[in-house]
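Q: Chains as they are written, first to last, in this note's numbering: chain H, 1 to 129; chain U, 1 to 167.
Careful: at least some of the hints might be erroneous.
Under 8 Å between C-beta atoms, here's a sample of chain U residues computed to sit facing chain H [said to hold, decoys possible]:
#	residue
1	T106
2	P108
3	P155
Pair ranges (Cβ atoms, derived) [unchecked claim]:
#	chain 1	residue 1	chain 2	residue 2	range
4	H	A70	U	L122	36 to 46 Å
5	H	V48	U	A63	55 to 65 Å
6	H	P66	U	E154	17 to 27 Å
7	H	S79	U	E154	26 to 36 Å
8	U	A63	H	D80	56 to 66 Å
9	U	P167	H	V95	18 to 28 Å
10	U	P167	H	T73	34 to 44 Å
11	H	E89	U	D147	16 to 26 Å
12	U	K126	H	R56	23 to 33 Å
13	H	Q13	U	E97	46 to 56 Å
Sample of chain H residues with no beta-carbon within 10 Å of chain U, all distances over it, derived [what the hints assert, rightly or not]:
#	residue
14	P50
15	L63
16	D106
Calculated from the structure, these hints are not laboratory results. Here the structure is a predicted model, which is why all the values come from computation and not from measurement. Note that CB positions come from ideal geometry on N, CA and C, so glycine has one too.
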Amino acid sequence: MSRRNPRKSSSFQYFLAGGSLLALVGLLADVRTSFEARPVSNVCQDVVQPQSVLSRDELSQVLAVPERDAKATIQAIVSDPYCRLAPVEIRQGVVAEREVYPLAFDPHTWFVLLYEGEEYAGYSFVFQK
Amino acid sequence: MPDTPSCFKSSQHSSQCLRLQRFGMLAIALLTSASCHPSPPSIETRRVHVQQGWELQPGHSIAGHPIVAGLGDVSIRLRGNTLYAPFDGKVEPADVEDCVVFSSPTVPAYLLRLCGLSRPRLGIVKQGDRLGTGHTVHFATLRKQPDGTWAIVEPSLNLIETALTPP
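Chain H extracted, bound-state conformation (with noise of 0.2 Å):
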């Protein structure tokens, strides 16, 4: 005849106690998206124009520039930018400008344009959470 041992039933309800416990952090905070990468949201290197948008219309007019176009083609149609983003050398020899405008439809997506001194390279859409 077996006996309960009141220790060893102690621990087994210790670990069912700390398997839920794991089992609702698990459930409250999935930890892979907690090192998931993060969108950009403030690389800024320096704010210009705090108060520039780009409207829907000029959105427009820039996307039928092409690349590689003059830089002054893209300035003709939009404002000063809302922010700069640091320089980066993709090229060699060769420093690209970054500018940074939201879109004054969707605040929280930012419209990048990328030049090469007196050349504009291309877009993109930086989505924000």
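Assemble the complex: chain H is given as a structure, and chain U must be docked to it using the hints.
A: Then chain U, alone, in the frame of chain H:
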């Protein structure tokens, strides 16, 4: 005979033991559901049309042997070390075997094609994240052209150093 907790003995299931076992099974189920998230949506292959239409380039083969790098690729002996994301960005499988494409929304008009990484990390990455390891990585920098193609250009030393240096 070693004494085992009575809850493990089927002949002695008390109502408390049943409750505990159910509780334990629930805990295990919860743990499993918490740790086994549905796999992320598959990342689609990025097709990159390189402007320079050389005959010998990655993805091609000659005399039955695959070409792993071509003109414009900078081949770096990693010796099993790690390549890091130079910017926040995204890694997608390339339409060339053994290659991935790295792009960053904060660096418009440029792509990096990285060939030779073993088990590269795909998806969203943050600057400094590990992209993968390998013995030799072939590093191509591509700049967008007005016709939608991508031209291989000379990468800056700083860019490559950033990708090779732990954060």
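Q: Mind checking the hinted window 36 to 46 Å against the Cβ distance between A70 (chain H) and L122 (chain U)?
A: The hint (36 to 46 Å, Cβ to Cβ) holds, given that A70 (chain H) and L122 (chain U) are roughly 37 Å apart.
Q: Identify whether the interface hint at P155 (chain U) stands, where standing means a beta carbon of chain H within less than 8 Å of its own.
A: Hint on P155 (chain U): holds, closest Cβ of chain H at ~6 Å, below 8 Å.
Q: Please check whether the beta-carbon of D106 (chain H) is more than 10 Å away from every beta-carbon in chain U.
A: 15 Å, holds
Q: Can T106 (chain U) be said to touch chain H, with a Cβ gap under 8 Å?
A: 6 Å, holds
Q: Does 34 to 44 Å hold as the CB distance between P167 (chain U) and T73 (chain H), or does it fail?
A: Roughly 37 Å apart at Cβ, these two residues keep to the hinted range, so it holds.
Q: Could you say whether the range 16 to 26 Å given as a hint is met by the Cβ separation of E89 (chain H) and D147 (chain U)?
A: 25 Å, holds
Q: Regarding A63 (chain U) and D80 (chain H), is the given constraint of 56 to 66 Å on their beta-carbon distance met?
A: 58 Å, holds
Q: Is the hinted range of 23 to 33 Å satisfied by the C-beta distance from K126 (chain U) to R56 (chain H)?
A: Holds: the Cβ-Cβ distance is about 31 Å, inside 23 to 33 Å.
Q: Within 55 to 65 Å or not, the Cβ separation of V48 (chain H) and A63 (chain U)?
A: 57 Å, holds
Q: So does P66 (chain H) sit 17 to 27 Å from E154 (chain U), Cβ to Cβ?
A: Cβ of P66 (chain H) to Cβ of E154 (chain U): about 22 Å, so the range 17 to 27 Å holds.
Q: Classify the hint on P108 (chain U) as holds or violated, based on whether any CB of chain H lies nearer than 8 Å to its CB.
A: Check passed: Cβ of P108 (chain U) comes within 4 Å of chain H, closer than 8 Å.
Q: Quick check on a hinted range of 46 to 56 Å for Q13 (chain H) and E97 (chain U), using CB atoms only.
A: 55 Å, holds
The structure agrees with every numbered hint stated previously.
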